[in-house]
Each structure stands twice: as C-alpha cells, then as structure tokens.
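Heads up: the sequence lines are chains A and B, in that order. Heads up: the first sequence at position 212 corresponds to 193 in my numbering, and the numbers run straight through without jumps. Heads up: the second sequence at position 306 corresponds to 537 in my numbering, and the numbers run straight through without jumps.
The hints are simulated quantities; they were obtained by calculation from the structure and are not laboratory data. Predicted, not measured: the structure shown is a model, and the values here were computed from it. Cβ coordinates follow ideal geometry from the N, Cα and C atoms, glycine included. Heads up, a few of these hints could be off.
[What the hints assert, rightly or not] Computed from the model, here is a short list of chain B residues facing chain A with C-beta under 7 Å:
1. PRO560
2. THR568
3. SER594
4. GLY597
5. ILE600
6. LEU627
7. SER643
[As the list claims (entries may be wrong)] Once the Cα atoms are required to be at most 27 Å apart in a straight line, the calculated DSS-like pairs of lysine-lysine come out as:
8. LYS653(B) <-> LYS617(B)
9. LYS75(A) <-> LYS551(B)
10. LYS(-13)(A) <-> LYS654(B)
[As the list claims (entries may be wrong)] These stretches of chain A come out as covered by chain B in the derived footprint (C-beta under 8 Å, 3 or more residues):
11. -9 to 5
12. 32 to 46
13. 272 to 280
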Amino acid sequence: MNFPLKPAPHTKVGNRHEDIVATVIKAALFVAVWAIYNRFMVFGIETAAHVALMILVACTASTIAHLGFHMAMDALEKKSFTSFKERIAPYKHKIRTGETVVTGLILALAMQPTAHLYVVAIVAIFAEIIGKLIYGGYGQNIFNPVAVGLIFNALTFGGTVLTVGYLPDIITQPTPLAALTTANWIMTPQELANYFANTGGIINMFLGTVPGSVGETSRLALLVALGYMCYKKVADWVTPIFYMGTVYVIMLVYGFIIGAGFWYPVAHLLTGGIVFGAVFLASDPITTPINRQGKVIFAVGLAMFTLLIRLTASPTEGVAFSILLMNMLTPLIDSKTANVTTENTNKKIRSSAIAFAIATVVVIGFTVLTQL
Amino acid sequence: MGFFSGQNCIKLDMQKTLTNSKPVSEYTPKLVAIPLKNMAFEDFTTHVNVGDVVKIGTKLATGNDHNKLPLFSSVSGTVTAIEKRDHISLKKTNHIIIENDFKDEKELLFDPVEDILSFTGDEIKKHMKDAGVLGLSGSGTPTFTKFRNTKNVTSILINAIEDEQFITADEYNITTYPALLAKGALTLLKAADAKECVIVIRESNKEGFEKLSAILGDFQEIKITKMPDIYPMGFERTLIKKIWDKTFKVLPIEAGVISTNVSTVIEFARTLTNALPLYERVITLAGDGFINQQNVKVRIGTILSDIVAEMGGYAAGVPKNARLVHGGPLRGSAVITDNLSVTPVTNGFVCIANAEHEQSPCSRCGACIRHCPAGLQPIQIIGAFKLKNKETLKQLGADKCIECGVCSFVCSSFIDVSDNAKKAKAFTLQK
Ligand code: SF4
Ligand code: SF4
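Pulled out of the complex, with its shape left as it was, chain A reads as follows (with noise of 0.2 Å):
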C-alpha cells in the first residue's frame, strides 16, 4: 500500500488556524450579547433592537464585501470554474470558519449605538476590504482593519450628528468620556466625585450601563472576553494588559501632579475606548509585534499615543488612531527585537523600562505645556 509523502509536522497541538478565529468571535459575541441584554435593561427595547441589528447589518456586510472581493478577484485573473460548486468551495470554508465575520463582528462593537444602518454597512465593507482584503487577507495585513474602519468612520461620518428617529432621548446623552473632555480632562477631587455621581457611579461604568459605544462600555464583560481569550492561548495578555497598566500609571503620575488624586486614572480607565482597545485591537496578533520584548514596548507606546491624543487633541477615535500609529512602528519593532529570547534579559527589562519612563515623560510634559 503506497501512502502520500508529506512534511512533518504529523502531530498538531493546541491551536489551528480556525480554533484561533473562532475564539476571536466567542469573546466578542459575549460583550455583543452582554451590549444588547445591557441597553434593554437600561434603555430599553427599540435601542437594544437597533443595536442587535448593528451587529447584525456589519457581520453581513463584511461578508458580502469579503467573497465580493474574492469574487471580482477571481474573474480579474480569469479562473476557470468547471462547475458553481468548485466557484464556491473556498468561500463555503471561510464562511465556516467565521473568518469573513470577524473584522465586523468586533467594528460594530466599537461604534456608536447612534450610527445608522448604512453607515454601518458601509464602514464594515470599508474596514474589511481596505483594511485586510487588499494586503492579500488574513495574516498579511499590517494595519489593524478595525481601527481603520473606525478612522474611517471618523473622518467621513464623525462631522454630521446622526440621530435614529426611533431611539429614545436617553442614548444622544453625552458619553462618559464626553463629560470628561468637557470637564477639559483637568479636575479636583471633589469634581472627580460629582463626575462619577453624574455618569452613575463606578459600578455602573464598570457594568457598562452608561452610553457609550455598543461594546465598549461594559469593562467586565470586556476584562472576561480578554481572560478567555487568554485562557485559549489565542491573546497573549502581555500587549492588553500592559497598555491598560500604562495608561493607569501614567494617570496615576499626571493626577499626583494636578491634584486629582487616587481615582483620577480610574476615569481614564472606564471612559472612551482603552479597555476595549487593549482587549479587542491591541490583542491581535497579526498587527501588533510577535515576541513578548516587542509587545511590552508596543504598548508602552500605545499608551502614550492614545494619552497623548486623549489629554491634547481629540478624546474620540484617539485609541484606534493610535494603534494605527503603532502598527506602522510594528515591523520596525520586530525587526529591532530579533534576537534570542532566552538571552540579555537585564538588557530587555531596561529596555522596556527606557520605553516607559519616555512614554510618561512625554505625556505629561507636553499636556501640561498645551495647558500653560
């Protein structure tokens, strides 16, 4: 009996290819089920229903925009078929393996509760086919695809206020991180304390029962989507939880200095897009660097963009413009850490903690230069 000859491996363990995606898309349909079951309670069914439909109307999107692509790429090159059914099949496995739902799985979650259906539609064919699609598809990307879904977003539909006629008052509130900004970042303790009475406590910011975007608000349901992910050995928890660790330092130092004290990095924390950033954009692997010395100054780096962007520009969007930024550090990273990962760790660890004293540096001092 005469047996194929393949290359080793002949063994697999742990992860496959589709285990990692799959993965991807438990955690982030948790937060989306936990978003819808969250504003049912707090504002009730029209905008848990619009916001279900949300995710629905970008899954579909980015599918559609995925084997359209495909698809047009196909007759571009002059494939020849022999049947519909050959046509189909490697699209039929894409589709299995959840791979065209992702990028809009995890896009709808980021946007606003207030963003119409067609917006939607057209950021998550945006985000999939210029964000992924054109650098040749999963894996080869070098810019995270939702964050440029969400720059995307910004830069074409940010201007104009969209109100769904069917929502009630309640979710055109301003947001959390809204209050912050006009509250101009800078606060005394006892106008941090009023802060967070006026948004509805600690606890709820952390339950996510607040307005803010559809996934981004509730930092338990995130923190457990990111343990899972973690869990599965899918994240590694190094780029998550250094960039949120930053972020907390760093706020920790600049609320010594203005005086706003212990709870000062918490506000960071629970407004605006960190916590979902670090989970669902800063854990992706294919665009953020591959070995744990890269990760760390990946996110030490993050942390500084994303602050810096927050306290002196713009407070929206200021997470997915700086993983931008980062990805574009990311091959020069990687390149600069090629080396043995079992050798020179002192070097490393002053290496990180160079990139750390830098990063806070630099924060404080230029927002409180831009406040003088």
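With chain A held as given, fit chain B with the ligands onto it using these hints.
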C-alpha cells in the same frame, strides 16, 4: 521559562495509554528482508549466497569501514534472494531475503555464561562490537564506538524518557525486563569504568519507576531520576544539562557522560545472556489509521504490511489523506509505502488516518516563539532566511536551533516552520 522567552517546551498528551495497557502480540513472519544498511551507511560485504541455509544469529554481512558492523539473520531458513527493496530511508536498498523454516535453530556468538556480571570490561566491549549492538533510539550509532575511549568517563546516562507520542516500545521493555536493565547498566558501568549510572524516566511511567526502584534498591551506583512529561525532554543535551549541569559541543563524552537508550541496554544485556545478537524487538503500531493499536514483538526484517495484515489491517479510508510515519509523530519521518522491513532502530510505526492540513499564511500567533526550547524566534528566522540575510540570522541565533520540530507542531497555520528553521541553520553555519 521566563517572561520574555515563553515556556520553551510543549506539554503534550503523549497518548501512551492507547498501547501500553494492552498485551503484546507476537508475530513470526514467513519471510524477512534484512536491509544492508544502517542509517546512511550501506557499504556491506555479504557472507551468504542465495540458497544458503542460515540460523538465527548467522552473520550475513559486515560493514566495510572501521566499525565493521555485522548484520545477522533473525530467522532460521534459506536465503532466497538479495535484491533492492524500499527502505525506511525512502531510498531503494539491498536487502537479504530469508524464508523462515520455523525451526528457530540458533548460532551462538560465544559460550554463554552463568552470570553476565562475570565478564570483564574488555570482554563486554568485545561482545558489544561483535554482536553489532546499535543505539536503538533511532540514532543507529554502533554502541561500542561510545566506549572506545573511556578515560574521562564518569557517568552513564540511560535515557528511558521516550518523549514521543504514541510509542511505548521502551516503556514495555522497562516494565517487562527491569532486571535485565539493571544488569545491563552494571555491565556498561564496568565497560566504561564509570562510577555512576543515572536512569531518567518519564514522570507518568509510574509502573516502570516502581518496578525499577524495587530492583535497584540493592545497587548504590544506579540512580533513577524522574523528568516531567514535556517535549522536548529526551534530548541528551537537555538531560545532561539538567542532571549534571554540564554542556558539550558535539558528543556527550566531552562532558564525561556516555548516553544510551534504555532498550539498547536491555537488548545488550539479553545478548550477553543468550549469546545471540538482536533478532527480535517490540515495536508499537499506533495511530487511528490502524484498526488495532498495540505493541508487537517481531523479528528484525519483518515486513510492515505483513504485520499490519496480521494485526487486523488499516482503518477504513486509509491511505487516502493518511500518513504513515516511521517512529513517532514528533521526530519520525513519513514513508511512502508499507512494504518496508523493521530495522533495529524501528520503535514503531504511526499511521494517522486523516493528516490533511491546509497551510495558511502565518497569523503571527507567536506560538512558535513561545514554545521554542532554544529561545529562538522561528518565524523571524524563516523571514530572514527567505531574504538570505545572514547578519539577521546570526542575530536571531539561527545556528542554535536543536531541530526538535516543536515550532512546526504548534504552528496554527500548519507551516513547516522547523523544516525551514533547519535549512536556515545550515545556511547560517555555512561559510
Ligand atoms: S526546531 Fe529549532 S527553531 Fe523550531 S522549536 Fe526546535 S529549536 Fe526552535
Ligand atoms: S506558530 Fe506558525 S502561525 Fe504562529 S507565528 Fe509561528 S509560524 Fe506564524
């Protein structure tokens, strides 16, 4: 293990229970084909012609180099042909075909003695050479070459780890012949004039550990050390570093250690006892491609397809999408046919019914980096290798690859990472 380097190994389900709990079958074939080849070496002078009658232990051929490696018949019967056949190395190789007359007549190498411990060191070494004892772990090195110069040798390492998935041939030998193992260890100590002998065994091989400890209680110079169930663990380099904290460049003897495989020691003790060369061994048939996964005792030179037919055949659907591997799935190599004969270094065959994997582009999951025992970044090495960038390759330590294959097993995209890492290593080392 460290923050920057990841875990440097993989925890594996070794899947040993598939075969280690089942009884061992015995199969004596009608015909054996003894390959005139040991590893890459195939320059042999034959001493028999077609039509000759041979016995178990009759010398069939001798190697034409300074090792003078002898090959023996594993059955009694008649030589029917000397012809080229498929070999596990994938190259056509000369084989001596012998038809078994089932009389099992034997030709002894020397006069057996009452107690093999009465042999002197030189006698032991002489028998080791004359019986053509080989490293049975897969290396195929004639064992006596390790004992040529034993001046600096202080310790003997007996590797009973068997860190391969599925394969339990060593485990069977340990649990069945602990007494032979002890005796073999003592003779090796004598041959090398060494002081201590360490047997390393897998943590999960509890039965083997108990049986060995019970016997070894009387011998001060033999110690058993348990090692955790991770891969890679059975590499000489890893073990010698762990046990004695010593390193070496090429051969363990530089660190004063002679390292052997456990089955080699047991079979050598048997050879000294019954004055016959290795003519049968236990091999493991495992993997879902076989209907019966179990250990089988077979003669050297038995043809695999005969064994499989005797053991119940292949599962439905084989060989479409299947893969047949000589050795375990971790370090073994795929073969293209089952018309192959069992060699002394064959510890088993694994047949995986569905090994169809679709390769996808690297998803940068980092698994290869987290698990590389040498602390390398395999995917970065491949990238630099594609660009033929020697500078970066050196920086990445491409020459430190231990060729363990871990990066390929863990790759989520089924890329042949280790294959390329090996090539990159060769490229980096070349002047
Ligand atoms: S084969 Fe080489 S590169 Fe791959 S894991 Fe083993 S040592 Fe590392
Ligand atoms: S394990 Fe495979 S997919 Fe993951 S980084 Fe290494 S080569 Fe890429």
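Hint check:
1. Hint status for PRO560(B): holds, given a least beta-carbon distance of 4 Å to chain A, under 7 Å.
2. Interface restraint check for THR568(B): the shortest CB-CB distance to chain A comes to about 5 Å, inside 7 Å, so the restraint holds.
3. Interface hint status for SER594(B): upheld, as the beta-carbon distance to the closest one in chain A is roughly 5 Å, under 7 Å.
4. Satisfaction of the interface hint for GLY597(B) is found here, the shortest Cβ-Cβ separation to chain A being roughly 5 Å, below the 7 Å cut-off.
5. Annotation: interface hint on ILE600(B) holds; nearest CB of chain A at approximately 5 Å, less than 7 Å.
6. For the restraint placing LEU627(B) at the interface with chain A, the shortest Cβ-Cβ distance is roughly 5 Å, inside the 7 Å limit, so the hint holds.
7. Nearest Cβ of chain A to the Cβ of SER643(B): about 5 Å, under the 7 Å cut. The hint holds.
8. Between the alpha carbons of LYS653(B) and LYS617(B) the distance comes to roughly 13 Å, so the proposed pair stays at or under 27 Å and holds.
9. Our distance criterion of 27 Å between C-alpha atoms is met by LYS75(A) and LYS551(B), whose separation comes to about 24 Å.
10. Restraint check: the Cα-Cα separation between LYS(-13)(A) and LYS654(B) comes to about 17 Å, which is no more than 27 Å; the hinted pair holds.
11. Check result for the segment -9 to 5 of chain A against chain B: holds, 10 residues qualifying (beta carbon to beta carbon below 8 Å, three or more required).
12. For a cut-off of 8 Å, the count of residues in the segment 32 to 46 of chain A with a CB near a CB of chain B stands at 0, and the three-residue condition is violated.
13. With a cut-off of 8 Å between beta carbons, the segment 272 to 280 of chain A has 3 residues touching chain B; three or more are needed, and the interface restraint holds.
The structure does not agree with numbered hint 12 stated previously, though it agrees with all others.
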